[in-house]
Amino acid sequence: MEKKAAALPSKFVDQLVVPGDVVLDLTTLANSTIKLGGGLRQECDTITAMKAGVLRFAKPNKYWVESSQKRYVPCAEDHVLGIVVDTKADNFLVDIKGPAIAFLPVLAFEGGTRRNIPKFEVGTLLYVRVVKANTGMNPELSCMDANGKASGFGILKDGYMFESSTGLSRMLLSSPTCPVLEILGKKLSFEIAVGLNGRVWVNGASPSSVILVANAIMNSETLSGAQQRIMVEKLLQRVQ
Amino acid sequence: MEQRLANTWRMSVNDKKFIESSLLSDLRVDGRRPFDYRKLSIKFGREDGSSEVQLGETHVMGFVTGQLVPPYRDRPNEGSLAIYTEFSPMADPSFEAGRPGENAVELGRIIDRGLRESRAIDTESLCILSGKLVWSIRVDLHILDNGGNLVDAANIAALAALLTFRRPECTLSGDDGQEVIVHSAEEREPLPLIVHHLPVAVTFAFFSNDNVVVIDPTHKEEAVMKGRLTATLNTNGDVCAIQKGGGIGVLQSVVLQCLRIASVKAADMTSKIKDAVESYNTVRAFRKVKRHSAPIAVSVDGSVAIKKQSQDGAQKIEL
Amino acid sequence: MRGPQLSLNQTQKLRLEAALEKLESFSSKANSVTVADTIPVNYEDGVLKGHGTSEIDGSVVATVCGVVERVNKLVYVRALRARYKPEIGDIIVGRVNEVAPKRWRLEINFSQDAVLMLSSMNLPDGIQRRRTAVDELNMRCIFEEGDVICAEVRGFQHDGSLHLQARSQKYGKLERGQMLTVPPYLVKRRKQHFHHLDQYGIDLILGCNGFIWVGEHVNTKDPTEEEQASKSEQEQVATKLNRNAASLEEQERTYTPLETRQNICRMANAARVLSTLGFSITVELLIEIVNLSISLKSDIREMLGSEFCVLVAEVEAERRSAKIKKK
Amino acid sequence: MEYVSPEGLRLDGRRPMEMRQIRAEVGAVSKADGSAVFEMGNTKVIAAVYGPREVQNRSQQLNDQALVRCEYTMSNFSTGDRMRRPKGDRRSTEISLVIRQTMEACILTHLMPRSQIDIFVQVLQADGGTRSACINAATLALADAGIPMSDLVTSCSAGYLNSTPLLDLNYVEDSAGGPDVTVGILPKLDKVTLLQMDAKLPIDTFENVMQLATEGCKAIANYIREVLQENTKQLESRRGT
Chain A
1 MEKKAAALPS
11 KFVDQLVVPG
21 DVVLDLTTLA
31 NSTIKLGGGL
41 RQECDTITAM
51 KAGVLRFAKP
61 NKYWVESSQK
71 RYVPCAEDHV
81 LGIVVDTKAD
91 NFLVDIKGPA
101 IAFLPVLAFE
111 GGTRRNIPKF
121 EVGTLLYVRV
131 VKANTGMNPE
141 LSCMDANGKA
151 SGFGILKDGY
161 MFESSTGLSR
171 MLLSSPTCPV
181 LEILGKKLSF
191 EIAVGLNGRV
201 WVNGASPSSV
211 ILVANAIMNS
221 ETLSGAQQRI
231 MVEKLLQRVQ
Chain B
1 MEQRLANTWR
11 MSVNDKKFIE
21 SSLLSDLRVD
31 GRRPFDYRKL
41 SIKFGREDGS
51 SEVQLGETHV
61 MGFVTGQLVP
71 PYRDRPNEGS
81 LAIYTEFSPM
91 ADPSFEAGRP
101 GENAVELGRI
111 IDRGLRESRA
121 IDTESLCILS
131 GKLVWSIRVD
141 LHILDNGGNL
151 VDAANIAALA
161 ALLTFRRPEC
171 TLSGDDGQEV
181 IVHSAEEREP
191 LPLIVHHLPV
201 AVTFAFFSND
211 NVVVIDPTHK
221 EEAVMKGRLT
231 ATLNTNGDVC
241 AIQKGGGIGV
251 LQSVVLQCLR
261 IASVKAADMT
271 SKIKDAVESY
281 NTVRAFRKVK
291 RHSAPIAVSV
301 DGSVAIKKQS
311 QDGAQKIEL
Chain C
1 MRGPQLSLNQ
11 TQKLRLEAAL
21 EKLESFSSKA
31 NSVTVADTIP
41 VNYEDGVLKG
51 HGTSEIDGSV
61 VATVCGVVER
71 VNKLVYVRAL
81 RARYKPEIGD
91 IIVGRVNEVA
101 PKRWRLEINF
111 SQDAVLMLSS
121 MNLPDGIQRR
131 RTAVDELNMR
141 CIFEEGDVIC
151 AEVRGFQHDG
161 SLHLQARSQK
171 YGKLERGQML
181 TVPPYLVKRR
191 KQHFHHLDQY
201 GIDLILGCNG
211 FIWVGEHVNT
221 KDPTEEEQAS
231 KSEQEQVATK
241 LNRNAASLEE
251 QERTYTPLET
261 RQNICRMANA
271 ARVLSTLGFS
281 ITVELLIEIV
291 NLSISLKSDI
301 REMLGSEFCV
311 LVAEVEAERR
321 SAKIKKK
Chain D
1 MEYVSPEGLR
11 LDGRRPMEMR
21 QIRAEVGAVS
31 KADGSAVFEM
41 GNTKVIAAVY
51 GPREVQNRSQ
61 QLNDQALVRC
71 EYTMSNFSTG
81 DRMRRPKGDR
91 RSTEISLVIR
101 QTMEACILTH
111 LMPRSQIDIF
121 VQVLQADGGT
131 RSACINAATL
141 ALADAGIPMS
151 DLVTSCSAGY
161 LNSTPLLDLN
171 YVEDSAGGPD
181 VTVGILPKLD
191 KVTLLQMDAK
201 LPIDTFENVM
211 QLATEGCKAI
221 ANYIREVLQE
231 NTKQLESRRG
241 T
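Chains as they are written, first to last, in full-length UniProt numbering: chain A, 1 to 240; chain B, 1 to 319; chain C, 1 to 327; chain D, 1 to 241.
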């Protein structure tokens, strides 16, 4: 999706767009190439939004619409949390909140051979990487990084998993660390795994701290940084 | 097959284990204590007899309508009350469109038993003409969002809607006293139903560990629980209905303990419902608008006339 | 409680009751339990809980109705009336329910259909080789839906399905006879489940799953078999297609003489009588009953009547009492 | 109306704490894997159990446990007025659900994964307490089918009329409009699995009525146990060694 266009970014950048908004008019742009990401589409000489969200621009020429949604559209190299749904001879069927069930090949584990296929009961929670995500095909997952190492992927034991939105996941993964995690991290010790598909897994020493962290994260979705701080402080006080 | 796998909501084993193990130390995943209800809000529509109840994430709408019909043959002097439930696939992917499923039927029956068999609504005052014409009250309960514990939310919605419902006043006239006049709302103030007491449903969930009992389970807790008990009580300390339809066995002493807790909770809920209804009534009194229309007189002689009458009655109420 | 479903007249009723009472007196004080009964065990020796037991509040409790059996430390409850519980090596008779990719699914009175893989049975040509796509397409020529076959339990796969095998000439499709079902607890596991009863010219297969086959005797080393074995696959398919228009010669080959047919029915009815009375079914007993019916010159259909049933009960009571006295 | 005479007798001559005559027979349906007929006075129900067998609808198959299904029907001729009953009305749907959940609680379903157990109960004569009779019949049929269970479930009902707790209501007493408490217990564990009640009753009175119904359940449990014990003995002795 490359198009000749001017280097001048659209006036909509970092603004809210809704489906149908004309984001760029190609006729007004001089020779240049732009790259379109998710949520945008070309219609004759215009680029229009097809998702509600904030239009983002990255230098030199990338545009995409960032939105928060409950379902997940698989994208290669995303790290997600999946739930095992069924076991077949060659694949584990994994639910990643996407439009189709994802396949995790039984050999896609560090040092995986036919002889040491792991046994997952239905409902097992996995931290996995999306390897292939093509339309019309079931996405393919892997429990290895690009170098064939486990590096943290695989089964998540115990803890508590809750589902929120993709926007919240991105917030939690953003750097610098978002205020909620920052404050919680100072006061409590816990493990957290965030999947880009909106699933978050938390584990800690005691159930009460896990519940506190989980609820603090869920509450923080619509709050600003300062509000997040206040909310977390309040929660911590109530517990102590 | 694969589509079915992709579209059903499922829970990870981690969550199941976590919910159960944290309940052992009296902790619930949403931060409540075992015998706390979620936040309850009761709203009313513009029209009389409609309510909207939100209990945590659970969202239920209640709608009451009345119709003039011939009575049942075995009860010529009593009006009737019927409960209809609608589980829309919108509320939960596991609900299927079309015929009501088992759970919808059970929900309707629990509420029906609580309200009707305990005679909470005075049905005798709904009789207009003995053996010929009575009011039939229909309560429609629509589940809009399933966040767990539909029974309690639906029961509150039904009560709130019934308390704010008003039926047109009817008088008898004519030489033989067989003529029924349905007065419009402008002419005579519509009458509220006579409600003797408020049976409030309180639901408990039991888990595989014997000693764990919680009130008002959420959707996730319902997926883990092994049994459920719904007790319907009123403020006089009367048990109006109980439903524990199988599931894990519990000791008799636990059942009785649940009933005592339920009776406290029922009093709580009753006052919340009454407050909401009162504030609605104040608002309603301010809102009164005068309208003009003539009364309709229909003579009731035979069955054909009765049918016609009942249709008229229905139309009136929908006005 | 559970009476044989027969219409008896007064004398027959009394005779049957007497016979059954006699049988009851012979039974060793069987340790029968019902669901949720506590089974007394000696905890000092250590206890292994087997089938049909569970633990409630530290004591061993039965989960089915049946008889308590003890083998060293192992305590288990042998259920009587229940569906078939497969054990590896059992010989079973089953009916094909479905022809699926590379496998047949068989109804064998178990909690699931059993699976017979194409690869775990000998091909009709008897050659050991990899199964090809052509073999797969021709699966219906070997067995099709509704066929009764005999096989052996191979074991459980890791996904919990039950697999069978038929790697011998004696297994395979059963024809020219009848299959009947009896409660599986009446068939005991023995060394021999195939019986060739020369005197009647019939084959009897007592499947461990309670399916019993009675049919005309087939010689496994039959020349026709060899002939068939030499046939090429294509020819077989052709035979299959022409089956409806079978030649006279073929009809003659598959013709069962009247006497054999009568013997088959007599044997089947003998098994039915034992099943209604709830007596365990063994080949010796079946032969005895068939001989009894022949010696009485009773019609085959009379065998299912109340009079014959009562007689069998009495004979059996006598037989068991004689056996006990001998000891 | 007077349901208990001053002498303390009920309409059918029973004492308040007296149960109707009960009778059970195992093996009433020859085709079924397990079956039973259960009678409480004039109430008579028949139950048949099929399974564990292959799941009919593959999409319903459960990989870790057996699928239990239950169908409750009432014969057209079971009540005084003989009317055609629509199949799947709200009452029978609810009773089917309740029976299924009650039996599911005691069947060790995890021992029979990927299979299906069907329970069919039919009311042949209805004279009050059909729900309880159905559960008792279903328990017997399941035990007869050799399906492993953690405990038997037995059920009995009790009511409260003329300020007297009454055990095992018949149709006339049931339709008097008083409270009707149906209890189902696991006798070995002494736990309540089924509890249904309607109409109005103060908590303390309810406690007494429930207690009475529980006693009734225990009596039925003893009877059912005897029936099963006798049945097992007979089967074993006839089978011989």
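Simulated from the structure, these hints should not be mistaken for lab results. Be careful, since some hints might not be right.
As the list claims (entries may be wrong) - Below 25 Å or equal to it, Euclidean Cα-Cα: the simulated DMTMM-like pairs (lysine to aspartate or glutamate) are: (1) Lys16/B with Asp118/D; (2) Lys149/A with Glu221/A; (3) Lys88/A with Glu98/C; (4) Lys39/B with Asp90/A; (5) Lys234/A with Asp175/B; (6) Lys49/C with Asp118/D; (7) Lys22/C with Asp190/D; (8) Lys17/B with Asp57/C; (9) Lys191/D with Glu221/B; (10) Lys234/A with Glu186/B; (11) Lys191/D with Glu98/C; (12) Lys85/C with Asp190/D; (13) Lys188/D with Asp159/C; (14) Lys186/A with Glu221/B; (15) Lys16/B with Glu98/C.
Outcome of the hint check:
{"no.": "1", "hint": "Lys16/B with Asp118/D", "result": "violated, 28 Å"}
{"no.": "2", "hint": "Lys149/A with Glu221/A", "result": "violated, 33 Å"}
{"no.": "3", "hint": "Lys88/A with Glu98/C", "result": "holds, 21 Å"}
{"no.": "4", "hint": "Lys39/B with Asp90/A", "result": "violated, 47 Å"}
{"no.": "5", "hint": "Lys234/A with Asp175/B", "result": "violated, 74 Å"}
{"no.": "6", "hint": "Lys49/C with Asp118/D", "result": "violated, 28 Å"}
{"no.": "7", "hint": "Lys22/C with Asp190/D", "result": "violated, 39 Å"}
{"no.": "8", "hint": "Lys17/B with Asp57/C", "result": "holds, 23 Å"}
{"no.": "9", "hint": "Lys191/D with Glu221/B", "result": "holds, 22 Å"}
{"no.": "10", "hint": "Lys234/A with Glu186/B", "result": "violated, 53 Å"}
{"no.": "11", "hint": "Lys191/D with Glu98/C", "result": "violated, 44 Å"}
{"no.": "12", "hint": "Lys85/C with Asp190/D", "result": "violated, 31 Å"}
{"no.": "13", "hint": "Lys188/D with Asp159/C", "result": "violated, 34 Å"}
{"no.": "14", "hint": "Lys186/A with Glu221/B", "result": "violated, 31 Å"}
{"no.": "15", "hint": "Lys16/B with Glu98/C", "result": "violated, 38 Å"}
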